[in-house]
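Here the protein sequences come in this chain order: A and B. All letters in the first sequence, in the order written, are residues 3 to 257 by my numbering. All letters in the second sequence, in the order written, are residues 3 to 319 by my numbering.
Treat the hints as calculated values from the structure; they're not laboratory data. Remember, it's a predicted structure, so these values are computed and weren't measured experimentally. All residues carry an ideal CB built from backbone N, CA and C; glycine is no exception. One or more hints might be untrue.
As the list claims (entries may be wrong) - List of simulated lysine-lysine pairs, BS3-like, C-alpha gap at most 25 Å:
no., chain 1, residue 1, chain 2, residue 2
1, A, Lys257, B, Lys121
2, A, Lys178, A, Lys188
3, A, Lys21, B, Lys143
Said to hold, decoys possible - Facing chain B, according to a computed beta carbon distance under 10 Å, are these residues of chain A, among others:
no., residue
4, Glu16
5, Val18
6, Lys50
7, Ala89
8, Lys91
9, Ser248
10, Arg254
Unchecked claim - Non-contacting residues of chain A with respect to chain B, defined by C-beta distances greater than 12 Å in every case (computed):
no., residue
11, Leu31
12, Phe70
13, Val124
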Amino acid sequence: MIRIWAIALNTFREAVRDKILYSLLFFALLMIGGSVLVAELAIGEYGKIIRDVGLAAISIFGLLIAVFVGIGLIYKEIERKTIYTIASKPVPRWQFLVGKYLGLLGTLGTEVAIMAVAYLLVLQGIGAGITGAMFPAIWLTFMELAVVTAVAILFGSFSSPMLSALFTIGITLIGKMSPELVALGKKADNPALESLMTAVYTVLPDLSRFNLRSEASYDMPVEWEYVAYATGYGAAYAAALLVLASIIFRFRDFK
Amino acid sequence: MSDDFAIRTKGLRKVYKTGFLRREFVGLHGLDLEIHRGEVFGLIGPNGAGKTTTLKLLMGLNRPSAGEAWILGEPLGSLEAMSRVGFLPERPYFYDYLTATEFLHFYGQLHGMPRDLRKRKIEELLPLVHMERARDTQLRKFSKGMLQRVGIAQALMNDPELVVLDEPSSGLDPMGRMLIRDIVRTLKQQGTTVLFCSHVLSDVEEVSDRVGILIAGELREVGTVEELIGERALTVEVTVGGLADPDGLPVAPTRTNVRGHHVFEAPDHETARALVQSATARGGELYSYLPRRESLEQHFMDEATAVERLAREEAAR
């Protein structure tokens, strides 16, 4: 465990000392603050818009960090040859991947926490109201990032950053629309297309399960069983991706 | 597997597949190598000879296409063996946002070392590599030589039984190179096995117990420097003063030094002795008699040139 912890801490430390993440965080906070202005322009639904835009900002900026830091996480280690001094130590390669993953997850968790605190302060400050569903909504946003980070790590373990970015963004977009894809397959009245859409839905992550923004914005009740189920689904999916990434990475040569 | 060897390879081969058409390139042809425990072994060869490939295979960074290898008696890829090995890659890039102390703690953690032991080891290693004053400086502010030194420190964090260094003198000034040589000598005194690749052949010659010459992926020669160079190219520099006329001596003088003494380069001891006899018989006075052997560098250049010539001839056929 000490090895995974060391790699995770080092990854977190790198992110914390990397100024790019601060600029992303700055823009996210700006957007959360800017939601007040957007809401001022809208007629009615003032609180709903602020709640919705703020949660969207947390999700979008979190996804940006997960994708663009995640895809480069392994590639950078190989390109800069820092992996040479790690892979030649008594560190199994899966521990390296898991350490990198947990390090980035820790960074994302910190970023989400900072954005969430800013968001809640803004809501509190303008009296827009904090709904009970906001906390599970933020938590599931984090779980969504956990899955997307695992996708980015999987592709980053064997392909270039460009391809990894394409695959990860593609899977994220499809994952966000997966129920619509199944519905589309059913509507098409074509058994082959329906089977294809069902297969895509089964294999790719269903990221819509992590979206509780409507519930948070409209102050709708959220069942804790659902949150636990979505959390379990995200954790299992991320773990499966990491196992696959570890198998691929185990056989990789470092040139 | 016998425990007498720190490293043993049998037919170790690496084939790279490159480009869209996956064309094959043989980086290493069936390497058979035995490095004894406690030995300092220098691996030399021109660029692309397979030195780094060999080290990458041994360090588990690449998988061999064929063959077997054992590190400290354990099969290749054994984590147990790697816990007893220290490695410094060529032109290392380290996490430059870390300070020297954080950096060494990190590598100590990768070896599973507890905090107290890591602290103690860091206090021991920083002075060894002359880095005590830079302990809290981030690596991004380090010169190339400082990075190399802190890189060696990370390779020694676990008190390794085997240290593998890829071009440890690369980019270092004479002081830095001397420090590396001293560290290698200290490791040898402690009984640590050292395998290192270097282009600085004078360093290899100075510190290695044995040397292997790798050219075009093949191990051409292995032996002590004396065995490799042998007596075959021995020359003797003879300096004689007070000679009025050097004509007719067994060897013609190559030059006259600042004091007006004649300097001769005899091809072997026999000729040199005959030269001294003739010169003193003519009233000359012997000032110096310096046997000179071929340097490892000359020997290596001869080998590399011969292989290159053969390759050219084969290509022409």
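Answer holds if the nearest beta-carbon of chain B is closer than 10 Å to that of serine 248(A); otherwise answer violated.
-> At 15 Å from the nearest chain B Cβ, serine 248(A) fails the 10 Å test, so the hint is violated.
Let me know if the C-beta of valine 18(A) comes in closer than 10 Å to any C-beta of chain B, holds or violated.
-> Holds. Min distance 9 Å.
If you take the shortest Cβ to Cβ gap from lysine 91(A) to chain B, is it below 10 Å?
-> holds (4 Å)
When the least beta-carbon distance from arginine 254(A) to chain B is tested against 10 Å, hint result | holds (9 Å)
Are alanine 89(A) and chain B close enough, Cβ to Cβ, to be under 10 Å, as the hint says?
-> holds (6 Å)
Was the hint right that lysine 50(A) lines chain B, CB cutoff 10 Å?
-> Interface hint status for lysine 50(A): violated (42 Å vs cutoff 10 Å).
Under the criterion that the straight-line Cα-Cα distance not exceed 25 Å, is the pair lysine 178(A), lysine 188(A) satisfied?
-> Within the cut-off at roughly 18 Å; holds.
Hey, does valine 124(A) actually stay past 12 Å from chain B on C-beta?
-> Given that every Cβ of chain B is farther than 12 Å from that of valine 124(A), nearest at about 32 Å, it holds.
Would leucine 31(A) pass as off the interface with chain B, using Cβ distances and a cut of 12 Å?
-> holds (23 Å)
Closer than 10 Å between Cβ atoms is the bar; does glutamate 16(A) clear it against chain B? Give me holds or violated.
-> holds (6 Å)
25 Å limit on alpha-carbon distance, applied to hinted pair lysine 257(A) and lysine 121(B) = violated (33 Å)
Hey, lysine 21(A) versus lysine 143(B), does the alpha-carbon distance stay inside 25 Å?
-> holds (17 Å)
Consistency with the previously given hints fails for numbers 1, 6, 9, ordered from lowest to highest.
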